[in-house]
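**Q** Work out the full structure, taking the sequences as your base and the hints as a guide.
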Amino acid sequence: MNKEERLVKQITPKSEDFSRWYIELIRRAELADYAPLKGMMVIRPYGYAIWENIQRLLDRRIKATGHQNAYFPLFIPESFLQKETEHLKGFSPEVAWVTQGGQEELEERLAVRPTSEAIIGYMYAKWIKSWRDLPVLINQWANIVRWEKVTRPFLRTTEFLWQEGHTAHETREEAEEETRMILEMYREFVETELAVPVIAGRKTEREKFAGALETYSIEGLMADGRALQMGTSHHLGQHFSRVFNIRFEDRQQQLQYVWQTSWGVSTRLIGAVVMCHGDDSGLKFPPQIAPLQVIIVPISLGNWQETVLPLAKELRMKLQEQGFRVHLDAREEYTPGWKFSEWEMRGVPLRLEIGPRDVKQRQIVLVRRDTREKITVSLEESRARVSEILDDIQKNLFHLALRFQQENTYETNDYREFQEIIEQKRGFIKSYWCGRTSCEEKIKEETQATIRVIPLEQPEDIKNHRCLHCGQPAKWLVYFAKAY
RNA sequence: CGGGGCGUAGCGCAGUCUGGUUAGCGCACAGCGUUCGGGACGCUGGGGUCAUGGGUUCGAAUCCCAUCGCCCCGACCA
1132 MNKEERLVKQ
1142 ITPKSEDFSR
1152 WYIELIRRAE
1162 LADYAPLKGM
1172 MVIRPYGYAI
1182 WENIQRLLDR
1192 RIKATGHQNA
1202 YFPLFIPESF
1212 LQKETEHLKG
1222 FSPEVAWVTQ
1232 GGQEELEERL
1242 AVRPTSEAII
1252 GYMYAKWIKS
1262 WRDLPVLINQ
1272 WANIVRWEKV
1282 TRPFLRTTEF
1292 LWQEGHTAHE
1302 TREEAEEETR
1312 MILEMYREFV
1322 ETELAVPVIA
1332 GRKTEREKFA
1342 GALETYSIEG
1352 LMADGRALQM
1362 GTSHHLGQHF
1372 SRVFNIRFED
1382 RQQQLQYVWQ
1392 TSWGVSTRLI
1402 GAVVMCHGDD
1412 SGLKFPPQIA
1422 PLQVIIVPIS
1432 LGNWQETVLP
1442 LAKELRMKLQ
1452 EQGFRVHLDA
1462 REEYTPGWKF
1472 SEWEMRGVPL
1482 RLEIGPRDVK
1492 QRQIVLVRRD
1502 TREKITVSLE
1512 ESRARVSEIL
1522 DDIQKNLFHL
1532 ALRFQQENTY
1542 ETNDYREFQE
1552 IIEQKRGFIK
1562 SYWCGRTSCE
1572 EKIKEETQAT
1582 IRVIPLEQPE
1592 DIKNHRCLHC
1602 GQPAKWLVYF
1612 AKAY
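Position in the first sequence (from 1) plus 1131 gives the number in this note's numbering.
These aren't lab readings, by the way, just hints derived from the structure by calculation.
Check the hints yourself; a few may be wrong.
In silico SDA-like pairs for lysine to any residue, Cα to Cα no more than 25 Å straight-line [what the hints assert, rightly or not]:
(1) Lys1260 <-> Gln1385
(2) Lys1491 <-> Thr1466
(3) Lys1280 <-> Trp1293
(4) Lys1613 <-> Thr1543
(5) Lys1606 <-> Ser1210
(6) Lys1613 <-> Glu1572
(7) Lys1561 <-> Glu1551
(8) Lys1561 <-> Ala1614
(9) Lys1444 <-> Gln1385
(10) Lys1280 <-> Gln1294
(11) Lys1491 <-> Pro1467
(12) Lys1339 <-> Gln1536
(13) Lys1556 <-> Arg1597
(14) Lys1444 <-> Gln1536
(15) Lys1556 <-> Thr1581
(16) Lys1575 <-> Glu1338
(17) Lys1575 <-> Asn1539
(18) Lys1613 <-> Ser1569
(19) Lys1220 <-> Glu1572
(20) Lys1194 <-> Glu1345
(21) Lys1575 <-> Phe1529
(22) Lys1194 <-> Asp1264
(23) Lys1491 <-> Gln1536
(24) Lys1606 <-> Glu1577
FRET-style restraints, in silico, Cβ to Cβ [stated by the list, open to error]:
(25) Thr1230 <-> Gly1197: 34 to 42 Å
(26) Arg1514 <-> Glu1577: 53 to 61 Å
(27) Arg1337 <-> Pro1604: 14 to 22 Å
(28) Pro1590 <-> Pro1167: 47 to 55 Å
Built from N, CA and C at the ideal position, the CB exists for glycine as well.
**A** Structure below.
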């Protein structure tokens, strides 16, 4: 990479060591810092602002589809968790336990929620009596604890923030419809607001949520060619309603167990945005979720405090009034050049430069983070142009990411070629699969690639194809990848 | 949880092998001055229980034991 392009020093280039680049960038850009506790991090204001934007934009969609927010307890009695054995088995290795309250040993251990199906199931049994009570459509924004062995900021931390939806329905079909509607909501949200293109589909038996009938997920492709699960939507069937006895009298006056769903996205999305859009100069945020959308850098020349600064302040005010997230960096101890690099590293989509020359000519200079293009515009048209350019950056980031995803999606049913691609290029590979877990596991052992999703739309000529691994008749066309 | 690597100022490191002045360097930080359209410069200054605990020794950042944390590669997950 030449000097012009690599303006930010002090960060390991992305191409050299992706995972070092990721960790250094997160700390240098002040998104997060390590807490003095194993596997835990502090989300700093600049990083938390992204989460707030995600919350705002997703919460709007959750409510628009008829869901309401509520809050359930952080602790779950052990006996609740034990009711659904499949569920417990899935989570037990990573549950944190509270055994003491004050000075007293507790009679029953309390789990710090790894997810809330159990406690919510208990409450739903109390609330649901009749088909008239259904559907129940509740969402909760909460923190979750999972005692993970290997952690990475945002991607996998011991405690993380998420949103978990929990719904109860009269029929299997209705629950299935909800599960898929949410999957589509997530896809649209992630692609529109985070500008990360995803592949949506169903999880295999092996990869699905502990205790679910079906799990659906959206998978993004990160810049190092690995897939990241960015959201899941589970059809829980009647597993939980049977153990928590969530019954209702249906329209025919028969007692029935409800059909349930649960679904979530987490602070992991922030990691996805970093890994999907960032470059050697640092972060690159889609305007929709960027902590700051516009950074104003006054050019400190001559008596700039009297000439440039007042105009810079006025521009800030006007942009703020227009609803943009904007900051004026008027610090005197840094040179403009330093600020350019710093804010580029921190991913601000658009920089607004204003200097003595611009003041005289009633103009400003706009510089895009994504293309580095410099655009000189008159003061009069500046506000309209800012809005227009931000929209364009949002679209451009999505298209760049989409092109990357497409260029790194391969199609092969030749196992040798498959192995070569996974080893040398990574990315998604579309292949045929017989549907047996044994084949899936062998492939994982031999290549480290896992089936990320089974696309909902399957080719009609599936019968003409054979399994990538065993050569027996294929059941599904699937996406493989090395995953995070 | 296995295998490997690393913990010395906020960050990056040297010093450890071969124990011995007051533990050093670059960046960052503070003060003053000159600068400022792509990471400016000069002068002055502050900052360290050498990860933690124990041991060996006249003497430990340095040797020994244990613990904790972080990173990388594998098995598990949002």
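**Q** Hint by hint, say whether it matches the structure.
**A** Taking the hints in turn, this is what the structure says about them:
| no. | hint | result |
| --- | --- | --- |
| 1 | Lys1260 <-> Gln1385 | holds (11 Å) |
| 2 | Lys1491 <-> Thr1466 | holds (21 Å) |
| 3 | Lys1280 <-> Trp1293 | holds (20 Å) |
| 4 | Lys1613 <-> Thr1543 | holds (16 Å) |
| 5 | Lys1606 <-> Ser1210 | violated (40 Å) |
| 6 | Lys1613 <-> Glu1572 | holds (13 Å) |
| 7 | Lys1561 <-> Glu1551 | holds (14 Å) |
| 8 | Lys1561 <-> Ala1614 | holds (15 Å) |
| 9 | Lys1444 <-> Gln1385 | violated (68 Å) |
| 10 | Lys1280 <-> Gln1294 | holds (23 Å) |
| 11 | Lys1491 <-> Pro1467 | holds (19 Å) |
| 12 | Lys1339 <-> Gln1536 | holds (24 Å) |
| 13 | Lys1556 <-> Arg1597 | holds (24 Å) |
| 14 | Lys1444 <-> Gln1536 | violated (41 Å) |
| 15 | Lys1556 <-> Thr1581 | holds (15 Å) |
| 16 | Lys1575 <-> Glu1338 | holds (12 Å) |
| 17 | Lys1575 <-> Asn1539 | holds (19 Å) |
| 18 | Lys1613 <-> Ser1569 | holds (18 Å) |
| 19 | Lys1220 <-> Glu1572 | holds (20 Å) |
| 20 | Lys1194 <-> Glu1345 | holds (24 Å) |
| 21 | Lys1575 <-> Phe1529 | violated (30 Å) |
| 22 | Lys1194 <-> Asp1264 | holds (18 Å) |
| 23 | Lys1491 <-> Gln1536 | violated (46 Å) |
| 24 | Lys1606 <-> Glu1577 | holds (21 Å) |
| 25 | Thr1230 <-> Gly1197: 34 to 42 Å | holds (40 Å) |
| 26 | Arg1514 <-> Glu1577: 53 to 61 Å | holds (57 Å) |
| 27 | Arg1337 <-> Pro1604: 14 to 22 Å | holds (20 Å) |
| 28 | Pro1590 <-> Pro1167: 47 to 55 Å | holds (53 Å) |
Hints 5, 9, 14, 21 and 23 from the list above are not met by this structure, while the remaining hints are.
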